[in-house]
Structure formats: structure tokens, C-alpha cells
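Residue numbers (the working numbering), protein chains in the order written: chain A, 2 to 273; chain B, 2 to 273.
You can't tell identical chains apart in this list, so a pair holds if it fits in one copy or across any two.
Cross-link-like lysine-lysine pairs, in silico, DSSO-like; alpha carbons within 30 Å at most: (1) K226 with K161; (2) K178 with K66; (3) K169 with K226.
Treat the hints as calculated values from the structure; they're not laboratory data.
Protein chains: 2
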Amino acid sequence: MPQAAIADPLSQADNAAHAARLLIRGGGHADHTAGMAPGHVQANLAILPAEYAQEFQTFCQLNPKPCPILAVGEVGSPYLPSLGQDIDLRTDLSGYRVFENGVEIDDTADVSKYWRDDLVSFPLGCSYSFEEALIQDGLPLRHMERNECVAMYVTNIDTKPAGRFHGKMVVSMRPMKPADAIRAIQITTRFPNVHGAPVHIGHPESIGIDDLEKPVFGGAPPRMKDDEIPVFWACGVTPQVVVEQAKPSFCITHRPGCMLITDLKNSQLAIL
Amino acid sequence: MPQAAIADPLSQADNAAHAARLLIRGGGHADHTAGMAPGHVQANLAILPAEYAQEFQTFCQLNPKPCPILAVGEVGSPYLPSLGQDIDLRTDLSGYRVFENGVEIDDTADVSKYWRDDLVSFPLGCSYSFEEALIQDGLPLRHMERNECVAMYVTNIDTKPAGRFHGKMVVSMRPMKPADAIRAIQITTRFPNVHGAPVHIGHPESIGIDDLEKPVFGGAPPRMKDDEIPVFWACGVTPQVVVEQAKPSFCITHRPGCMLITDLKNSQLAIL
Numbered sequence: 002m003p004q005a006a007i008a009d010p011l012s013q014a015d016n017a018a019h020a021a022r023l024l025i026r027g028g029g030h031a032d033h034t035a036g037m038a039p040g041h042v043q044a045n046l047a048i049l050p051a052e053y054a055q056e057f058q059t060f061c062q063l064n065p066k067p068c069p070i071l072a073v074g075e076v077g078s079p080y081l082p083s084l085g086q087d088i089d090l091r092t093d094l095s096g097y098r099v100f101e102n103g104v105e106i107d108d109t110a111d112v113s114k115y116w117r118d119d120l121v122s123f124p125l126g127c128s129y130s131f132e133e134a135l136i137q138d139g140l141p142l143r144h145m146e147r148n149e150c151v152a153m154y155v156t157n158i159d160t161k162p163a164g165r166f167h168g169k170m171v172v173s174m175r176p177m178k179p180a181d182a183i184r185a186i187q188i189t190t191r192f193p194n195v196h197g198a199p200v201h202i203g204h205p206e207s208i209g210i211d212d213l214e215k216p217v218f219g220g221a222p223p224r225m226k227d228d229e230i231p232v233f234w235a236c237g238v239t240p241q242v243v244v245e246q247a248k249p250s251f252c253i254t255h256r257p258g259c260m261l262i263t264d265l266k267n268s269q270l271a272i273l
Numbered sequence: 002m003p004q005a006a007i008a009d010p011l012s013q014a015d016n017a018a019h020a021a022r023l024l025i026r027g028g029g030h031a032d033h034t035a036g037m038a039p040g041h042v043q044a045n046l047a048i049l050p051a052e053y054a055q056e057f058q059t060f061c062q063l064n065p066k067p068c069p070i071l072a073v074g075e076v077g078s079p080y081l082p083s084l085g086q087d088i089d090l091r092t093d094l095s096g097y098r099v100f101e102n103g104v105e106i107d108d109t110a111d112v113s114k115y116w117r118d119d120l121v122s123f124p125l126g127c128s129y130s131f132e133e134a135l136i137q138d139g140l141p142l143r144h145m146e147r148n149e150c151v152a153m154y155v156t157n158i159d160t161k162p163a164g165r166f167h168g169k170m171v172v173s174m175r176p177m178k179p180a181d182a183i184r185a186i187q188i189t190t191r192f193p194n195v196h197g198a199p200v201h202i203g204h205p206e207s208i209g210i211d212d213l214e215k216p217v218f219g220g221a222p223p224r225m226k227d228d229e230i231p232v233f234w235a236c237g238v239t240p241q242v243v244v245e246q247a248k249p250s251f252c253i254t255h256r257p258g259c260m261l262i263t264d265l266k267n268s269q270l271a272i273l
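For reference, chain A alone in the conformation it holds in the complex (with noise of 0.2 Å):
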């Protein structure tokens, strides 16, 4: 198993990823991790045991709007060097739950008694990122404005399966104008590390969705305005729920809301 590199507290010293992994580790953030950190990219985060990580990484690379890898863990190893030289995955998210048998046993801020040889980390490219990207460009969210949880759907579209991975595709929507939502489109095109472009705009009925109105999973009513489209992205809720649908025997997620913090920029991701 590789050792974590010691990190240069010099180097480190304005890194304000490095600085909330510092406080969530120590227990003193146990909150969702929304705004801290801002420019670096946040993760959501799958970890399953070796025995399902080939075909959960095929699903992933078949299915990468909704599952883009931004890494992947060596097997045991909680450590992701590539992220943060200092992460250790088993104390640095602020919230995990942890499943047997697609059964949830645990919600905890720590999972270092449950942390095991066969282990491999899939930290996922998250929306947090694009969307300081349209917030910097002046588009405005109205999610964030209200500070409410982003409008999210299971829709009618099939995820190409790998294995025991499969099922319907989950998506975000952000309510916006015409002319934002073109720029939406050209800005979100440059991050396909983060869910890249829309995959749906203007037709919730042709995607399966009866009522915006009505999200899933916690999601507020986005309470659509005439002149607005509603614009709908790969949501990273999909891995989670394709990964409960086929209850592997061990898993272990982040908490929603609670992102591995890392040492990449958003910017950095940008292909443009």
C-alpha cells in the first residue's frame, strides 16, 4: 500500500483545499462542503471492494456525462495522491454512508474501522465545479440564489450497462433564458471532466420527466418562469443510485453534499 507523501507546509500554506481537509479531518466541519474552498474541485465519491471495481469503472467510462472519472484509487490504498498529496479518504469528507448488501449501515464522518485491503476509490467529477464556472461568466443560478438543493429527475434515458452496473440516467435542471442557456452550453462544453454540456433542453416529456415541478431525492421546485427553458445535465446522483440498485456486498459513498475537497482547480479541468 503507498504511504501518503509528506506534504511541504510551505507549498501548502495558501492551499485552501488542503487547509478544509485540515478541519474536516480534525472534526471541525461536519457540514456540507458547498462553498468552501472555492476554485478546487470537489468529488463525489464511490468506493467499492476489487471484486465490483472493474465493471463499476466500465460503467463509468461507458457512462461518462453522468460518471466522470476524475481518478481511481490503488486497491487498499485510501490515499489519492494525484487529488492532494496529503487526502486520506478513510477522515477527509465531512459525511459517509456505508452499505452492505445495498443496505445502509452507517452515516458517519469516519470510516477508518471500515476501511479494507480490497478497496478502490472512484472520486467523480461533480456540478459544483461548472457551476462556479457559470456563476464567474454571470449567469445566474437560481438554486444558489435561493440556497436550496438543485432541481434533480430520474429520466427515460438507459445508461449503457457494465455488468451488474445499469439503470435510468439522473439529471439536474437549471431553470435559465434562452440566451444564458446557449452560454450555458458553450461554458459547461469545456468541463467534460464535470458533466460537460447538457444532454437535454426545452422537453422534459421527451426525457421522461411528467412534472418540473416535482424533482426527486431532496431536490426544491424550480418554479419555471415563462420566458426561461429548463436545462438538464448528467447528474452524478446516477452512479449512487445505479450503485444501490446492485446492493454490492461493501460500499462506501460520500454523504450528499459532503465532496471530497481536492487540490485541483476547476480551472484546470477546462479542455479550453
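Got chain A; can you put chain B on it based on the hints?
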């Protein structure tokens, strides 16, 4: 006045654009130019006296989406060597309209007798170029499948005025399924010199269009389907309308559909 370069017959041997111009110049083709010299850029054309040229050039630079400038002719020159060594703007279009004080005085295939030492030529990008890119990507275009003229509309969007040139933006509209609309936004973003990304999607009434099935300028009704959204691009008819409204003392334009065929390849206009 610069001389047209003598074209090298060997280097021109496989140049379909050069061949198309020779055919038109010799009177062998009097119809529209859609589909001629595939892969080559075709251009809208506006020719104005020098006393209007700088104002019009500024109008185009302020409104690059409807009026993308591909080149600017030298004062008095009927040649455009940057778009084709042998181009002669007096004879190389299959149709021209000639205006005096805003009134059309001739519709002809040869404007040699009207040429003046103070004329400045403005070839402007045309949607043929981005339509080729859309078709090559597999996106269906209904008006082309039906061999109809694309639907066009006058919007309530003000262009940015420059001196005597001002007016509302004209747009063309192509109905698309939502996923195709997203892809079309990505593709046309790569082509800023031929109208670029759409200016609007989804809500015609927001830009002053009351009835999509009643286009103007001879466009065919698009006959929208329930699972489609309307995608609007800035249209090269905008500068024509603006010039007609400004009523310059003298003006030559292409006849609609009878474009300048250039040596440029559409692919060379892509910025990415």
C-alpha cells in the same frame, strides 16, 4: 487599382470553386449557387461607395453575428485576392441587385457597367458554411431535406447602430430535437465567421416572433413538431435590410441565393 493575379492552371486544376466561378463568369450558370463547389465558403456581398464604407464596416464590426466580415475589398477594386486569386466581383456572381437611393434599378448577372472607382466590397459569411458542418455531423436540416428556403424572421432585437446603418436583427430558424440543438450550438460556436452560435432558442415570443409558421423573406413555414425546439441564428439578411433602409446613393448586393463562391474551405473557418 490592383491587378488580379494570373491563376496557376495546375494549382487550380482541382479547385472546384475556381471552376464554379469560371462557369458563372462565362454565363454558363444563372441560377442560385447552393450545392456548388461543396466544402468552399460562399459569401453574401455588399458593395458600397467609399463615403458609406467606413460606417458600414463599423456596423458589421459592432454586429458580428449577423454581419461577419470575411474580407474587405480595396477602394475601387473588384478583386478579392484573399478569397480567391482570380475573383472578379463584376462578373463572378450569378445574380446582382443594383440600388440607387434605396430603389432597385437593375437585376443582372454582370455589374461591369456599374463599377466605379470609389466602390468598396464587403463579403460577409453565410449560413451555408455552418449548415455543411451540421450535416456532416449527421444533424438533419428540414428545409434542406424539403429543398425549401430556411425560415427567417424579423426580431425585436436591435442591432448596434453605426451612423446611417441601424435596424432590427433578422434571424433564421431551424427546428431541432433537443439533443441535436445542443450539438448544433457546440458546432456553430466553432464558426464565428459564419454567424456563430445561435442567438436564441426555445421562446420565439421573447424575441418578438408571434407565429413561427409565418416566416418572412420567402422562407418556408417550418412546420414544427411537438418534440422539437426552435433554434435561431443571426441571419445575413440583416445587413441587406439595414442597407436598404439606409438608402445609400448607390449599392450593389448579391441576388438572394446567388452567392460569391470563394477558395476558402468551410473547415478553414473553424476556430477549434
